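These protein sequence lines map, in sequence, to chains A and B. If you're matching positions, the first sequence starts at 1409 in my numbering and goes up one per residue. If you're matching positions, the second sequence starts at 23 in my numbering and goes up one per residue.
FYI, nobody ran anything at the bench for these hints, they're computed from the structure. It should be emphasised that the depicted structure is a prediction, and the values quoted were computed from it without experimental measurement. Where hints are given, some of them may not hold.
[Claimed, not checked] Derived CB-CB ranges, DEER-like:
hint, chain 1, residue 1, chain 2, residue 2, range
1, B, 313, A, 1697, 44 to 50 Å
2, A, 1641, B, 103, 25 to 31 Å
3, A, 1533, B, 282, 23 to 29 Å
4, A, 1636, B, 68, 45 to 51 Å
5, A, 1559, B, 84, 55 to 61 Å
6, A, 1427, B, 59, 47 to 53 Å
7, A, 1700, B, 452, 28 to 34 Å
8, A, 1427, B, 68, 57 to 63 Å
9, B, 282, A, 1607, 54 to 60 Å
[As the list claims (entries may be wrong)] If you want the footprint, here are the derived chain A segments under chain B, 3+ residues with CB under 8 Å:
hint, stretch
10, 1539-1552
11, 1567-1575
12, 1677-1686
Beta carbons are placed, not taken as given, at the ideal position from N, Cα and C, and that holds for glycine.
As a plain string of letters, each chain reads:
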Amino acid sequence: MNTSPLTHALPRPRSSNWRQRLEILVFAAPAVVVFVSFVILPVIMAGYYGFFRWKGYGTPSDFVGLDNYFAIFQDSAFHEALIHNGTILILSLVLQGPLAIVLALLLNQKIRGRAVIRILIFVPYVISEVIVGIGWGLLLQTDGAINDFLDSVGLGALKADWLSDPQIAIWSLMVIISWKYIGFAVILFLAGLQSIPEELFEAAAIDGASYWQIQRNITLPLLGPTLRIWAFLSIIGSLQLFDLVYIIWGQYVSSTAGTSTMATYMVANGRDAGSYGFGSAVAVVIFIISLIIALTYQRFVLRRDLAGALTEGEK
Amino acid sequence: MKRKKYTAAMLGLLASTTLLLTGCGANTDTNTGGKTTLTLWHNSTTGEGKEYWEKTAIDFEKDNPGTVVKIQPIQNEDMDGKLQTALNSGDAPDIFMARGGGKLADIVEADQVLDITDSLDPSLEGAIGQGVLSAFEVDGKLYGMPIAVLPGGIFYNKDIFTEAGIETPPTTVSELESDSSAIKELGTSAIALGAKDAWPAAHWYYFFALRNCSQDTINATAKAKNFNDSCWLKAGKDLEAFMQSEPFNDGALTTSAQQGAGSSAGLVANNKAAMELMGAWNPGVIASLTPDQKPLASLSWFAFPEVTGGKGEPGAMMGGVDGYSCSAQAPKKECTAFLNFIAQKQQQENYASAFHTLPANKEAQQAVTDPSLQSILAAYNDAPYVMVWLDTLYGQGVGNALNSAVVDLLAQKGTPEDIVKAVNNAWTRG
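Only chain A is shown next, with the shape it has when bound in the complex (with noise of 0.2 Å):
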């Protein structure tokens, strides 16, 4: 009696696990198929690229070996656009990161026109990077709306060359960026406050706590998972930065601005250059440096939120 059970038993767990993971193969297939065409895939051939000198046509057969990458770190043109991406990174999160979280602390009490002021802050972000593109490099153009503006006013003598001029052009860049991309700052931060527990506020409050020490002990600590998500986002998307850019100031000006990047110095070495080869080094150089970036910040700032939630696990 006892055996007859057991010998019943056994096909169920593994006819079980072998239609789950049927499943499993199957719904993810698609998804998996489309990130190696256009993720891994692309990669993987940038990177043969790479050691070719190519202008583009036919297959490449002009086996450079490492030139093209010893050319890309010689080129002062490269180092500029280096060091413009850690300023857009650097003051990304330095501009956006407290705005956001007042602006989410603002929005997550009940206050007249809430709704209203969510939408504007949000919309920016889903508006396509070509059209606030478009839109803002009208604005800021030497004749456009905002000079006209100042010159309405009474206040000509602020006006500036908002987009050419190296000294103003990065912080034009910011501000633009800034507005497009605050919105989603703050719709994570207002996620993360919702996912505080109301009972702790009220503890604190019970127990005399100020506002600003109710902010600084419990809000911005629990805060903290949500806030390192959104500046590792913040940190990829500064390094990888193109479409803003290429529309406003297009390959050539944004290197005499100050705003060209390692993505649009590419397209202008690469692609506009007819020298492919240099192009896909450039590519893959762009790649390692965001991977180091992406590797390190997981490695040394996102790992303790991880260990976090094991330890949530344990008790």
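Go by the hints and put chain B onto chain A.
Below, chain B alone, put in the same frame as chain A:
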């Protein structure tokens, strides 16, 4: 029993997914019913130019039953990149716009363009002329059909000149500078420049080079592969001096060349700038950007001013030759028939009218009615020689570096020496 049902369902789903992915990539463009299809890529995305190609395709199809022409307009600045991708992917257009020079040579070297030497209609050889045809020759073989000659020069607004008290166009650079100052005093921009696209700014360097360098030097440079002759540096210095007189529109660095009313062509079209250095396609572009979409009545033209001490011959011109080529996989008989068709007198007259420009076929020159184009035509026919744009002549890599260095000079970030250095580096890089 349960297992069998699940297996069948999963396999069905897998098959459906596979078929879907396959279907997305399937090439739906196939010859049916014995018809031959030719795909044509051109860069006319607006107005009369676009209409010209649609009409030409219909006319060609009437003359050639069984052949269908499918047209795809490509924005000018995107043409090079898209063409390279298309030629390499094996899904190239049968007929594509080409400008000859080093760019075409790269495509020839990769065996991606048809040799049409034996297919050229004999009557066209004399009508177009060896000088123009040579723009599409590589190593003595013909790889494209010229359909427009586009010499450059300065287009100007006669009304604005009159208002500024300028009776005759300038013939020297110093006269150009003083005329520009007079125009600026009216509150109008003197010279419109679309430096965002780089090549319009670089054209100023090309013309200073044309005035400073002899024809032999410019041609020899293509073989020597360096800008070491002193005339190239002098061209840069002359340009730098000219730029210091601030002749260009405000915000030239972020002005595009031909897109919209805010472009440099748009500034001229809307009477906000008096002049523009541009090729002979410009009356057509300007006509599409005026408020009423008609040619600018006050538009005229004068040759690029002479430079003191220059070794270029007076009256020499520089410009482009626009034409069309067949990709290597195109059906040769039908494709070359189309190329010969568009170069015939009647089609060339239509082209000259639609594009407000100069036809490659001399027999069609009577169709040039625009006064500014008639001025260009006269100067063109009298020119001792006509050079090809330097970024076409020297190829895309060198051309891009040259254009970029000129933008740096305009932005006061580079020097004339940097232009020479950038070009030499680009040639070394290969």
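Q | Hints violated by the structure (numbers, ascending) | A | none
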